[in-house]
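Number of protein chains: 2
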Amino acid sequence: MKIRCNTHDLINGVNIVQKAVSSKTTMPILKGIMIKAASNKLTLTGNDLNIGIENHIDTEIEEEGAIVVSSKLFGEIIRKLPGDTVEIFVDDNNNVHINCNYSKFELVGQLPDEFPLLPEVDESNTISMNRELLKNMIRQTIFATATGDTRPILTGTLMKIEDGMISMVALDGYRLAIRMANIVGTDNNSAIIPAKTLSEVSKIISGIENSDDIKINISEKHIMFNFDDIKVVSRLLEGEFIKYSQMIPKEYKSKVVVNTNELLNSIERASLVAREGRNTSIKISIKDDFMNISSNVEIGSVNEDVKINLEGDDLIIGFNPKYLIDALKVIDSEEVILELSSSVSPCIIKPLDNENYIYLVSAVRIPKQ
Amino acid sequence: MKIRCNTHDLINGVNIVQKAVSSKTTMPILKGIMIKAASNKLTLTGNDLNIGIENHIDTEIEEEGAIVVSSKLFGEIIRKLPGDTVEIFVDDNNNVHINCNYSKFELVGQLPDEFPLLPEVDESNTISMNRELLKNMIRQTIFATATGDTRPILTGTLMKIEDGMISMVALDGYRLAIRMANIVGTDNNSAIIPAKTLSEVSKIISGIENSDDIKINISEKHIMFNFDDIKVVSRLLEGEFIKYSQMIPKEYKSKVVVNTNELLNSIERASLVAREGRNTSIKISIKDDFMNISSNVEIGSVNEDVKINLEGDDLIIGFNPKYLIDALKVIDSEEVILELSSSVSPCIIKPLDNENYIYLVSAVRIPKQ
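Read top to bottom, the protein sequences are chains A and B. Position 6 of the first sequence, counted from 1, bears residue number 11 in my numbering, the numbering being contiguous throughout. Position 250 of the second sequence, counted from 1, bears residue number 255 in my numbering, the numbering being contiguous throughout.
Note that these hints are calculated values from the structure, not bench results. It cannot be assumed that every hint is accurate.
Treat identical chains as interchangeable: a pair holds within one or across any two.
[Said to hold, decoys possible] Subject to a maximum C-alpha distance of 16 Å in a straight line, what follows is the list of computed EDC-like cross-link-like pairs (lysine to aspartate or glutamate):
hint: 1; residue 1: Lys85; residue 2: Asp310
hint: 2; residue 1: Lys85; residue 2: Glu267
hint: 3; residue 1: Lys36; residue 2: Glu281
hint: 4; residue 1: Lys109; residue 2: Glu273
hint: 5; residue 1: Lys201; residue 2: Asp118
hint: 6; residue 1: Lys85; residue 2: Asp14
hint: 7; residue 1: Lys109; residue 2: Glu119
hint: 8; residue 1: Lys85; residue 2: Glu273
Chain A on its own, in the form it takes in the complex (with noise of 0.2 Å):
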């Protein structure tokens, strides 16, 4: 293999496919980034066997071939070095040559024949989606996702698409975030994505300018986003979703419209008395135009009030303020409504604007003050 590349277009491609490297895998070959060059293209792939990621770069190849070389040491070689042109090849043994003005490398590299190729996914039915949609609907569930291991399938997010509709759904057994759009010719699907998987593939999106729509394929056991020159390919959580329409209450007995940034601070600020405490709820007392937040612990106490529009009965509830905040911080519209029902019940918070997120938190026995 010999090949002269842009470094610049070489860091980016590294940077990407290295969020699918892991660090910490028992098979050595997966520390490795597969560098390929056929076909007037350079490919560089990442696969610790759960996310694969991989880009192609284009390039001026001299010889064909490919190689895994240390993702780490890779990456942190050509981000440093001197010129806008390296070059690289590989010689008889293996060794990976850069070569950029007076700098000179060798490193020691593996064939490629044990490294793991990405899976195949059916790409006869594809999801076609607005890259901001995906972003906004990735962070607007993905924080609700368990992070344990007592229950494997929480730790991922629900993706359906029914009757030109497409739902993203994350639960942890405390809270439920559903973000829904619609989305135009599409057959129905559905598929559990790791949210790691959601959280690279955001990041992955973010730092690219490009507004062309993203490609989705799902499969039994995989799903693929195709971007721009960028493929990430992977495992999705086996079993069976919670049954979580149910949960959703039908009816409320109080409705309260307030300001989303205003009710976001109070409640930030309230968390840092409760969180000194041994129980870290906060009160909230919802009667005529004040919502009153308090914690009361032993090094001190803290009270908000917060001016709001209320609907049907007063009432005193108590909350894990962090379910609160990670809600209304990515709630866009500058007013929330919540919805409660009784002391034990949960809350439902949605935008005041739009029909298209619904987030339901559970209720914490009210704190003594």
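For chain A, the structure is supplied; the task is to place chain B on it using the hints.
Only chain B this time, still in chain A's reference frame:
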């Protein structure tokens, strides 16, 4: 105590005095900030007994008094307050009330009786110093102080004023950094200042836009820095500093002039490979118009050529690359001079364009390649 003050001023003041608050102390009162309202000034004080910082804020005082509050919680709260003006008052039970718009906090306070006063420092012999100069002198020496416990005196930087010249000197057994500058109207004096103190002083200066000189006073056991409305008093390290002037070689056999950044970048690249090996040092070969920097470890090798101007003998020598990188990063001149004598003698690094900085670094055994 009852005051009303600008939230932004209070945040700035707390950020500064918090640098002297220890979170790990066994004396609970030292985890607090003292807030004192007297003579139309609000004074904030943090003091961990090694370093104490006092900051005055102009404010409206309705009732004089003093109280100690938890530095962490008080800081977190005021940074999140919703309005431009905050009212603070202490009730008869020593509870501190913080009111701002619809936010009301109450924190348990402690009487200031046990809060340590800042040590008195004799102000008869004041050193007046440009703050940018002080910042640079700290930056160019502090990294060479020792970090371990084996020789406590080396964890400080020597500040020496002698015959119209101020020097700051740091060494750790492997390298020595000396920064000198002219100074007028100051008696001879010296002090060994803990690196942490200098680091905090440098950070505080960097955060303030003001170019007035800093006033420095040295007493037997303490040093005081006075600037703006801030006073930093620190304990000095006791004992005699190492006799460093005899360490500096008076002669050399090879003199190299080289571009500072080119040398820095080449050594940084070489160190990427070197640090993957058992022996993390690099080999430098000086010959004719080039310096070759190399490292050869199990997983790869590197060869960097840097153009130089050599007067004197060819030479091969080994170095810990970190010690070269540290110095080259803080030298502001475009070119540096390296003075060398043999592969076992230390190397001197100096800026080409002035005589105010000397860095001495020990050679290490030349790594086998």
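Structure-based check of all given hints:
For the homomeric pair Lys85 and Asp310, the shortest alpha-carbon distance between copies (15 Å) is at most 16 Å, but the shortest distance inside one copy (53 Å) is not. When the C-alpha separation of Lys85 and Glu267 is checked against a cutoff of 16 Å, the pair qualifies only between copies, where the shortest distance is 12 Å, while the shortest distance within a copy is 46 Å. For the identical chains of this complex, Lys36 and Glu281 are inter-copy neighbours only, at 15 Å across copies versus 42 Å inside a copy, given an alpha-carbon limit of 16 Å. Proximity of Lys109 and Glu273 under a CA criterion of 16 Å is satisfied inter-copy only: 13 Å between copies versus 53 Å inside one chain copy.
Taking CA atoms no more than 16 Å apart as the test, Lys201 paired with Asp118 passes in neither setting, with 27 Å inside one copy and 53 Å between copies. Taking the closest pair of Cα atoms, Lys85 and Asp14 come within 16 Å of each other only inside a single copy of the chain (14 Å); across copies the shortest separation is 42 Å, beyond that limit. Taking the closest pair of Cα atoms, Lys109 and Glu119 never come within 16 Å of each other, the shortest separation being 28 Å inside a single copy and 64 Å across copies. Taking CA atoms no more than 16 Å apart as the test, Lys85 paired with Glu273 passes between copies only; the shortest distance there is 8 Å, against 41 Å inside one copy.
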